[in-house]
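Asker: First to last, the sequence lines map onto chains A and B.
Residue numbering for the first sequence follows the numbering used here, beginning at 4 and increasing consecutively.
Residue numbering for the second sequence follows the numbering used here, beginning at 3 and increasing consecutively.
None of these hints come from the bench; they were simulated from the model.
It is possible that some hints are incorrect.
[Unchecked claim] Interface residues of chain B toward chain A, partial, derived using beta-carbon atoms under 7 Å: (1) 141; (2) 145; (3) 147; (4) 152; (5) 155; (6) 163.
[What the hints assert, rightly or not] Where chain B lies over chain A, by a calculated footprint (3+ residues, C-beta under 8 Å): (7) 140 to 149; (8) 226 to 235.
Virtual Cβ for every residue (Gly too), placed ideally from N, Cα, C.
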Amino acid sequence: MTPAPAVIPAAPPGQARIAVAGLSKSYPGAHGPLLALDDVTFDVGEGEFVACIGPSGCGKTTLLHILAGLMPPTSGMVRMPSPGPGRLPAAVVFQGISTLPWFTVLQNVEYGLRLMGVPRQERRERALDHIRRVGLLPFRDAFPPHLSEGMRQRVSIARALATDPQILLMDEPFANLDAQNRLLLQEELLRIWADSRKTVLFVTHSLDEAIRLSDRVLVMSAAPGRILMEVQIPLPRPRDFGTLRQDPRYGELSAALWDVLREEVLKGREHG
Amino acid sequence: MRHTRWLAVASPIAFLLVWEGLSRSGILDARFVPAPSEIARTLGAMTRSGVLPHHVGISVRRILLGFLAGSVPAVAVGLLMGMSRPVRAALMPLVAAIYPIPKIAIYPLVIFYLGIGEASKVSIVALSIFFLVLLNTMAGVLGLDRAYFNIARAYGAGTLGTFTTIAFPGALPAIFTGLKLGMGFALIVIVGAELLGSDAGIGHLIWQSYQIFAVAAMFAGLLVTAVLGWLATIALDWLERRALPWRA
Chain A
4 MTPAPAVIPA APPGQARIAV AGLSKSYPGA HGPLLALDDV TFDVGEGEFV
54 ACIGPSGCGK TTLLHILAGL MPPTSGMVRM PSPGPGRLPA AVVFQGISTL
104 PWFTVLQNVE YGLRLMGVPR QERRERALDH IRRVGLLPFR DAFPPHLSEG
154 MRQRVSIARA LATDPQILLM DEPFANLDAQ NRLLLQEELL RIWADSRKTV
204 LFVTHSLDEA IRLSDRVLVM SAAPGRILME VQIPLPRPRD FGTLRQDPRY
254 GELSAALWDV LREEVLKGRE HG
Chain B
3 MRHTRWLAVA SPIAFLLVWE GLSRSGILDA RFVPAPSEIA RTLGAMTRSG
53 VLPHHVGISV RRILLGFLAG SVPAVAVGLL MGMSRPVRAA LMPLVAAIYP
103 IPKIAIYPLV IFYLGIGEAS KVSIVALSIF FLVLLNTMAG VLGLDRAYFN
153 IARAYGAGTL GTFTTIAFPG ALPAIFTGLK LGMGFALIVI VGAELLGSDA
203 GIGHLIWQSY QIFAVAAMFA GLLVTAVLGW LATIALDWLE RRALPWRA
């Protein structure tokens, strides 16, 4: 075994960003270790919205879970901002089950603050403020099982933002939504993001989603996941999805990314 | 639909009427099988005299105390076993070995240790539901999606935080399943224990009535036990709805 991997929590002051270098992750398998991530290196700058895209099973979620501190890397370095008082270094919006069904919307949004020990009054105010921003104020006392999937993901986004994180980690948060609701939530996310300008790492398997939302796209290979290329998205903000689609650059970017991704998806199919 | 509901009301009434008729006409020996009207009369007399409320009160108190004494530690240990693999590995063989023993068979031993008083009655109820609630609680935690635990950890929950915000509320539906199953067992065991060795309670009342050949009073005791079980189910259902508003 290699020595304990270095997850260095301290970041240079005033520079909230992610730095990942030489990151690898392998799982124990029946026929020796299975490599999930292979020498992944990238940076996310302050206030940058970066999308990470790759075929299913390429280790995107593993990468995000390592950044969230849910699992240790096998080797390599991860640098995340250090926690501040009443503020999380990184908050996660999960895919699928992202809310706690036994808590109300308000309790769900308060959850991170409660665990941080934020006083009751302040925590309520901050939570209600973010519930209002995602338009769920009338539903603050409802339980997630009684809400739609789109509303549940809004709750999840509100919970993440209520902790005032330096980084927002999003793991295919809209994957279980129908196409229309997905567009609506993407628009909403961009609107909220424009206010806070958080540093965002957004994992997705949708090309369109990546181009619409992000400043830069990281393309990952089929398993084991490596960063194949980085593409800047020079589309102007604020982005209107209607006019975006007519922008010739949108088509070019989409085609260029698909060229790379297509091969990886096919590779992933052969192995999967 | 309306037809079947009507039948559900009509069949018990018809049953009672036939019974009443058979008993009055002498086809059934009223000394062995008293008529429903006779049982009702006895029930009324026993209630007015205070005998029945006294015994029912004692049994209910034993069940309630036993329920508390059994379920609280059962939930705590069940949550621990659900959350920690080492704890599970250490305790599971013990639980699996003791769980299938009919708890009424342990009663003589319990009397031997705790005496014939209230402590032995409360303990046997506690013991009879402990393993049921424990196993259901553990299964409830084990059945929880990992995603919930990931949410807790991603937002910085420690062991205690995960315990109180994920494992316990998540296992609560399963805990209620355990409590409801346990209620049936608690009734069986308390009446059994009172039959075997007691100076009060519904079981004792039935046994005492047998000894003086008061057959109607025995039937009255059975009826009260049935009603008690029914009320307990209603109470637990109510409690469950209050405790699990997100399930409604």
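Asker: Next, verify each hint and record whether it holds.
Answerer: Consistency of the hints with the structure:
1. With a cut of 7 Å, the hint placing residue 141 of chain B at the interface with chain A is violated, because the nearest CB-to-CB distance is about 17 Å.
2. Below 7 Å, beta-carbon pairs count as interface contacts, and residue 145 of chain B has none with chain A, the closest being about 13 Å; its hint is therefore violated.
3. A cut of 7 Å between beta carbons decides the hint on residue 147 of chain B: the least distance to chain A is about 6 Å, and the hint holds.
4. For residue 152 of chain B, the interface hint holds, since its Cβ comes within 7 Å of a Cβ in chain A; the closest pair sits about 6 Å apart.
5. Against a cut-off of 7 Å between C-beta atoms, the interface hint on residue 155 of chain B holds, since the closest Cβ of chain A lies about 6 Å away.
6. Given the 7 Å rule on beta carbons, the hint for residue 163 of chain B holds: about 6 Å separates it from the nearest Cβ of chain A.
7. Chain B is given as covering the stretch 140 to 149 of chain A, and this holds because 4 residues of the stretch bring a CB closer than 8 Å to a CB of that chain, at least three being needed.
8. Under the rule that three or more residues need a Cβ within less than 8 Å of chain B, the assignment of the stretch 226 to 235 of chain A is violated, with 0 such residues.
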